[in-house]
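Novice: Read off the chains here:
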Amino acid sequence: MKSIQIEGVSKSYTEGVLALDEVTLELPENSFTCLLGPSGCGKSTLLNMIAGFVEPTTGHILVDGREVTHAGADRGVVFQEYALFPWRTAIENVEFGPMIQGLPKPERRATARRYLSLVGLAEHEDKFPRELSGGMKQRVAIARVLANHPSVLLMDEPFGALDAQTREVMQEELLRIWEQDKKTVVFVTHSISESIFLADRIVVMATRPGTIKEIVDVTMPHPRDRSSAPFVALEREIKRLVREEVAKLGVT
Amino acid sequence: MEAEAVGHTTATVSAAAAPPAAPAQARRPPQGLSRPMVLGLRLVSLLLFFALWWGVSLLNAHVLKVFNPILLPAPDEVLRAGIKMAASGELLKHVTASLSRVLWGFSIAATLGIVVGTALGRSRLLEHLVEPMLEMLRPIPPLAFLPMMVLWFGIGEASKVAFIAYAAFFPIFTTTIEGIKYVDPVLIRAASSLGASERQIFWHVVLPAATPNIITGMRLAFGLSFFVIVAAEFIAADSGLGFLINDARTFFLVSNMLLGAAVIGIIGVLANVLLRKLEGRLLRWRNESRSQA
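Residue numbers (numbering that gives the first Met the number 0), protein chains in the order written: chain A, 0 to 251; chain B, 0 to 292.
Chain A on its own, in the form it takes in the complex (with noise of 0.2 Å):
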């Protein structure tokens, strides 16, 4: 079943500038689908579109068949910068999808424990974000993202902020989240390796404007090694795809 429908999507900003031009592409429920592509090829316009926070100039965006007309509940989005309510604790910061939706104090304190201890924050729940590490932030934000059910899980850029060690250990962990809660998954990235590491389904996005250039299946099972031959030699493939996109935005 389709989850996601992107037809004939383009962006335009009134500077003239075409962010995105005419996209199609087709999301199946559960997949796991990584955007990837050098700044400015538009792929956080179209996530951020799918969200609902951006309006499309051209074209159509649904999910689960209804149409994209702002933010919503079905459509949980993690940040590059976490966006935790600061003066919430970790699990006040869960809780706030089940409040909104108004249930009772007792059951969305429960729902809330039972994320933060799938991300693996049990111990800290009473914790204020700005004691928790670049790390952990980010696990709070997606548990929280989590206990409001969404059906698709868009992720900005999420583990850009974090060090090379923080950041692997976070896609493994995000991995064995989705394997427990299966998800519609897109996510938006500019590490070639994260996104093979993760992916089912990898759009490499062309720039000026922003394009699909080039969809690549990856089959390799999980878990996967990140020095295996398939792994490197995928590695050195997509990179080539997105080197000429780089060359084209000319001298970085």
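Calculated directly from the structure, the hints in this document are not laboratory data. Misleading hints may appear alongside valid ones.
[Stated by the list, open to error] Each computed DMTMM-like pair below joins lysine to aspartate or glutamate, with the alpha-carbon atoms no more than 25 Å apart: (1) A:212 / A:25; (2) A:1 / A:178; (3) A:1 / A:130; (4) A:126 / B:126; (5) B:276 / A:25; (6) B:276 / A:167; (7) A:104 / B:156; (8) A:126 / B:278; (9) A:126 / A:106; (10) A:238 / A:20; (11) B:180 / A:54; (12) B:180 / B:197; (13) A:247 / A:66; (14) B:180 / A:80; (15) A:181 / A:167; (16) A:104 / A:91; (17) B:92 / B:156; (18) A:181 / A:21; (19) A:1 / A:25; (20) B:276 / A:106; (21) A:1 / A:66.
[Unchecked claim] Pairwise CB distance ranges (calculated): (22) A:14 / B:121: 25 to 31 Å; (23) A:248 / B:124: 36 to 42 Å; (24) A:227 / B:180: 48 to 54 Å; (25) B:144 / A:113: 33 to 39 Å; (26) A:125 / B:121: 42 to 48 Å; (27) B:123 / A:100: 30 to 36 Å; (28) B:123 / A:7: 50 to 56 Å; (29) B:123 / A:29: 41 to 47 Å; (30) B:206 / A:105: 53 to 59 Å; (31) A:100 / B:154: 54 to 60 Å; (32) A:180 / B:122: 37 to 43 Å; (33) B:144 / A:248: 57 to 63 Å.
Yeah, the Cβ is synthetic: ideal placement off N, Cα and C, and Gly gets one too.
Dock chain B against the given chain A, drawing on the hints supplied.
Specialist: Frame of chain A; chain B shown alone:
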């Protein structure tokens, strides 16, 4: 001069604490002074102030005789005047009068400042319609309107309350509007993608995000309220600490004048401590190590 006596206390505290820190930094890593050392220095600073005051007063009265000793009573005379006035219940009457005016005026200012600031922070239309008006009034020192307020509201409580409300409104209004306008947009996106409606976003994201700003504004406004109440009571009042000072001047009771100033200073310090406590509790999520400042 009366107001200066209070002002000096705080000024000497910070001035005495700062210079010794510099050589210590050169010898040792930053932080430098140990906690008991800092407390000791601060205590010495206060004692030094009173010793100086006492010294100058006594020296002038008995040895140098440069000016009329009545002009600078020693601290113990001020204390005695205070005990006498407290015993008669007069001091409490003045304190209550000033405090109740401040609380009324401040409460009105806080309500209006938060409501108007929020409304203007939320609506571009309202902002452009109302802000120029307020920006025009803001640079005018509130004291400039005091005589007019007395004409409008008489010499009863209303004029003082209105005056404080007017003066205290601006800091609260300004910080509220800033706080509401500059909420991190990613927090609003996060909330909306968690299913929150506009209304829910306002109550659960915008308002809590603006709270630190609003509290800062309230603290500034509270200080300002005390600042202006004295002036208002100089002009038109038959009670209050400002009246006490001005009335004492008429009878050349310098001890009472200093007493009035000292009581205002003490109330100011206590109020600030209380507000800091409240701030620390409300903003527990933000600042850990600001307990003393």
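Novice: Indicate, hint by hint, whether the structure satisfies it.
Specialist: Hints, one by one, checked against the model:
Between residue 212 (chain A) and residue 25 (chain A) the CA atoms are separated by roughly 15 Å; this keeps the pair inside 25 Å, and the hint holds. Distance restraint check for residue 1 (chain A) and residue 178 (chain A): the Cα-Cα separation of roughly 19 Å lies within the 25 Å cut-off, and the hinted pair is therefore satisfied. A C-alpha spacing of about 40 Å is found between residue 1 (chain A) and residue 130 (chain A), which places the hinted pair above 25 Å, so the restraint is violated. For the given pair, residue 126 (chain A) sits about 37 Å from residue 126 (chain B) by alpha-carbon distance, which is inconsistent with the 25 Å threshold.
Taking the CA atoms of residue 276 (chain B) and residue 25 (chain A), the gap is about 56 Å. The hint is violated against a cut of 25 Å. Annotation: proposed proximity of residue 276 (chain B) to residue 167 (chain A) is violated, straight-line Cα distance about 43 Å (limit 25 Å). The hinted pair formed by residue 104 (chain A) and residue 156 (chain B) fails the criterion: a straight-line CA distance of about 47 Å is larger than 25 Å. Only pairs whose Cα atoms come within 25 Å are accepted, and residue 126 (chain A) paired with residue 278 (chain B) is accepted, the gap being roughly 19 Å.
The hinted pair formed by residue 126 (chain A) and residue 106 (chain A) meets the criterion: a straight-line CA distance of about 20 Å does not exceed 25 Å. The hinted pair formed by residue 238 (chain A) and residue 20 (chain A) meets the criterion: a straight-line CA distance of about 23 Å does not exceed 25 Å. Taking the CA atoms of residue 180 (chain B) and residue 54 (chain A), the gap is about 23 Å. The hint holds against a cut of 25 Å. With a C-alpha separation of about 15 Å, the suggested pairing of residue 180 (chain B) with residue 197 (chain B) holds against the 25 Å cut-off.
At roughly 34 Å between alpha-carbon atoms, residue 247 (chain A) and residue 66 (chain A) are farther apart than 25 Å, so this suggested pair is violated. A threshold of 25 Å between alpha carbons decides the hint, and for residue 180 (chain B) with residue 80 (chain A) the separation of about 20 Å falls inside it, so the pair holds. As the CA atoms of residue 181 (chain A) and residue 167 (chain A) are separated by approximately 20 Å, the hinted pair is consistent with the 25 Å bound. With a C-alpha separation of about 11 Å, the suggested pairing of residue 104 (chain A) with residue 91 (chain A) holds against the 25 Å cut-off.
Annotation: proposed proximity of residue 92 (chain B) to residue 156 (chain B) holds, straight-line Cα distance about 14 Å (limit 25 Å). Straight-line distance between C-alpha atoms of residue 181 (chain A) and residue 21 (chain A) comes to about 29 Å, which puts the hinted pair past the 25 Å bound. At roughly 7 Å between alpha-carbon atoms, residue 1 (chain A) and residue 25 (chain A) fall within 25 Å of each other, so this suggested pair holds. Taken as a hint, the residue 276 (chain B) and residue 106 (chain A) pair is broken in the structure, with Cα atoms around 33 Å apart against an allowance of 25 Å.
Proposed proximity of residue 1 (chain A) and residue 66 (chain A) is supported: the alpha carbons are some 13 Å apart, at most 25 Å. The hint said 25 to 31 Å for the Cβ distance between residue 14 (chain A) and residue 121 (chain B), and at roughly 28 Å that hint holds. Between residue 248 (chain A) and residue 124 (chain B) the C-beta distance comes to about 41 Å, which sits within the given range of 36 to 42 Å. For residue 227 (chain A) paired with residue 180 (chain B), a C-beta distance near 52 Å keeps the hint of 48 to 54 Å intact.
Range check, residue 144 (chain B) to residue 113 (chain A): Cβ separation about 60 Å, and the 33 to 39 Å hint is violated. One distance hint, 42 to 48 Å for the beta-carbon pair residue 125 (chain A) and residue 121 (chain B), is violated here, with the actual separation near 32 Å. Separation of residue 123 (chain B) from residue 100 (chain A) is about 31 Å and conforms to the stated range, judged on CB atoms against 30 to 36 Å. The beta-carbon spacing between residue 123 (chain B) and residue 7 (chain A), approximately 33 Å, falls outside the hinted interval of 50 to 56 Å.
A hinted range of 41 to 47 Å for the beta carbons of residue 123 (chain B) and residue 29 (chain A) is consistent with their spacing of about 43 Å. For the pair residue 206 (chain B) and residue 105 (chain A), the supplied restraint of 53 to 59 Å is violated, since their beta-carbon distance comes to about 25 Å. For the pair residue 100 (chain A) and residue 154 (chain B), the beta carbons lie near 57 Å from each other, so the given range of 54 to 60 Å is met. At about 41 Å, the beta-carbon gap between residue 180 (chain A) and residue 122 (chain B) stays in the expected band of 37 to 43 Å.
Distance hint check: the CB atoms of residue 144 (chain B) and residue 248 (chain A) are about 60 Å apart, consistent with the given range 57 to 63 Å.
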